[in-house]
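Number of protein chains: 2
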Amino acid sequence: MEKTYVIGIDLGGTNTELGLVRSDGHIVARTILSTAKYTDFPTFADDMVKAAGELCAAGDPETGWQGTVNDLQGFGIGAPNADPNRGCMVEPPNLKQFKGVSNFVEEFRRLGVTVPVAVDNDANAAAVGEMVYGGAQGMQHFIMITLGTGVGSGIVVDGKLVHGSTGTAGELGHNILIPNGRKCSCGRYGCLETYTSARGIVQTFIEVRHEMGTPADVDEHPGWIGSEVTDAEVHSITVGIASNAGDPRAIETFRRVGYWLGIACANAVTFSAPECIFLMGGPTKVGEPLLAPLRKSFEEHLLNIYQGSCRIEMSKLKTNEVAILGAAALVN
Amino acid sequence: MEKTYVIGIDLGGTNTELGLVRSDGHIVARTILSTAKYTDFPTFADDMVKAAGELCAAGDPETGWQGTVNDLQGFGIGAPNADPNRGCMVEPPNLKQFKGVSNFVEEFRRLGVTVPVAVDNDANAAAVGEMVYGGAQGMQHFIMITLGTGVGSGIVVDGKLVHGSTGTAGELGHNILIPNGRKCSCGRYGCLETYTSARGIVQTFIEVRHEMGTPADVDEHPGWIGSEVTDAEVHSITVGIASNAGDPRAIETFRRVGYWLGIACANAVTFSAPECIFLMGGPTKVGEPLLAPLRKSFEEHLLNIYQGSCRIEMSKLKTNEVAILGAAALVN
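For the protein sequence lines, the chains are A and B, in the order given.
Its first residue numbered 1, the first sequence is counted upward by one per residue in our numbering.
Its first residue numbered 1, the second sequence is counted upward by one per residue in our numbering.
Keep in mind that the hints were calculated from the coordinates and are not lab data.
No incorrect hints appear here.
Treat identical chains as interchangeable: a pair holds within one or across any two.
Calculated lysine to any residue pairs in the SDA-like style (CA-CA distance at most 25 Å, straight line):
(1) Lys-3 to Lys-318
(2) Lys-183 to Glu-211
(3) Lys-296 to Arg-188
(4) Lys-96 to Gln-307
Okay, chain A solo, but in the shape it has when bound (with noise of 0.2 Å):
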């Protein structure tokens, strides 16, 4: 089969990075812009296929191949608060330096980009990323759930992403797990991303070791959170960390954690029967102090006819890789 090739952009409000992927999952190169310098869309689109270009001309060293953007399979381009249908992102909360729609399939038109120009959010190019490199290959029913800062999620019916009516489906972080519960920075209450989101996560630790207390010995392992950090100070990944240390009130975090991700996950189930929910992102990490508990979560909280048909899996894609070919996999 011949190789083709694809720039994968992960746009992200810090930097945003392209790669050049081959067909085979192989990324041949890559280049970083810094997003926030950025003050308008028009040249930060310029800046994105100009360094698009470099890439196609650098080309792949392995077999020869060089050319120009318009070579290319296309772009495919991951990017929050994205609209698949019309090509673009809408006032994106973590890059308030774009107002308003920015259109990427217009802006590479005018810069002379005549390849297909594929956008979608993060999750569901790292769902379709796992489905076309990673472990969902040849899956017709999946879900993606994306931990981070917040949590997303791609959804794959049919082994097509579920985009819903509105371009914007798939949005489980923000499905009420509770109500009534914690406030969410979506303004209502209980949706998951307040239990199982690194915010979440810092939350409970406060929640639990307000209610169990400092243990007296906890200078005497390393690892574990002493008194000395301040509420505000508590990170996830130190809670990760602390939990991997065998600091009892971390584990505890990571076991409810667990338990409110299980539930959601059995809930999830009720809709699209999947045969694998993956998992990815920092505070999945930690792995079986989270892992242990979720999957005993979901196995109690799942309804009997689906007992036995879907399991829960870490994303098959490498951290580092898995922006690039998420973005590089919308494109096909």
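Assemble chain B onto chain A, guided by the hints.
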């Protein structure tokens, strides 16, 4: 366009109704079998095919069409615990006489039926009926929620029923709405069904009247539920009548049911972003006492990006036609 004909079969615990359905959605004729009297599935299948043959032989007086079962476009069957992939039902809880797997396709083939035989659960059939003959014509994304003894659902994404990897996706009645909430017949706790089914309505009324007591002037109001009605005698239909008659406890009951169902509908939107959620079934007939608080709760709990994108509507099919038309619509 040439008119074609389908036999739609609504298989219930007490009765099984067959209808000859013309392609324009007109039910030409119907016949009823007593499901309860059959002790084995092959005899039951035999009588279904015979009854269908009689409907075909009598034909459609309006068009002059007459034929045999093999002149049909096919058979569509709405049945409990259906497995659409295999064309069977599996251990339906209300039909204990049919043990194990009852395979419609195999039995009908044995009886000489050569045309397509499609089987699905009644909520999925209702969704397809709404899409082919009702208010969802032309919609790519919608959800049907059926309220009755239980709560069922049929989910349409990209114009197709979501069946998932198991064939049994779309069981929103068993979405856990309130973790560790009411005990459900499925053995778990807090399922939507325990709050919004006929049984859930009764339980809520009982709770509300224990909280609010019986108004002193209850006997002056026709339709209100008096203290002589024991908890065991409360029925969802009488609660519905009482709410329309102004019984404050019945009104409060449906306010709570609408509140819960509104959260469930808002959660469903985060999944597939439908343009409409249709409701059908006995408890929905109470009308505004349910619909007004439901729509209020739905708007309150809907994530901002979906505001205005999804409405809640009653099924546009007639109550006494939806089951037959839904079953018929499974054939296509």
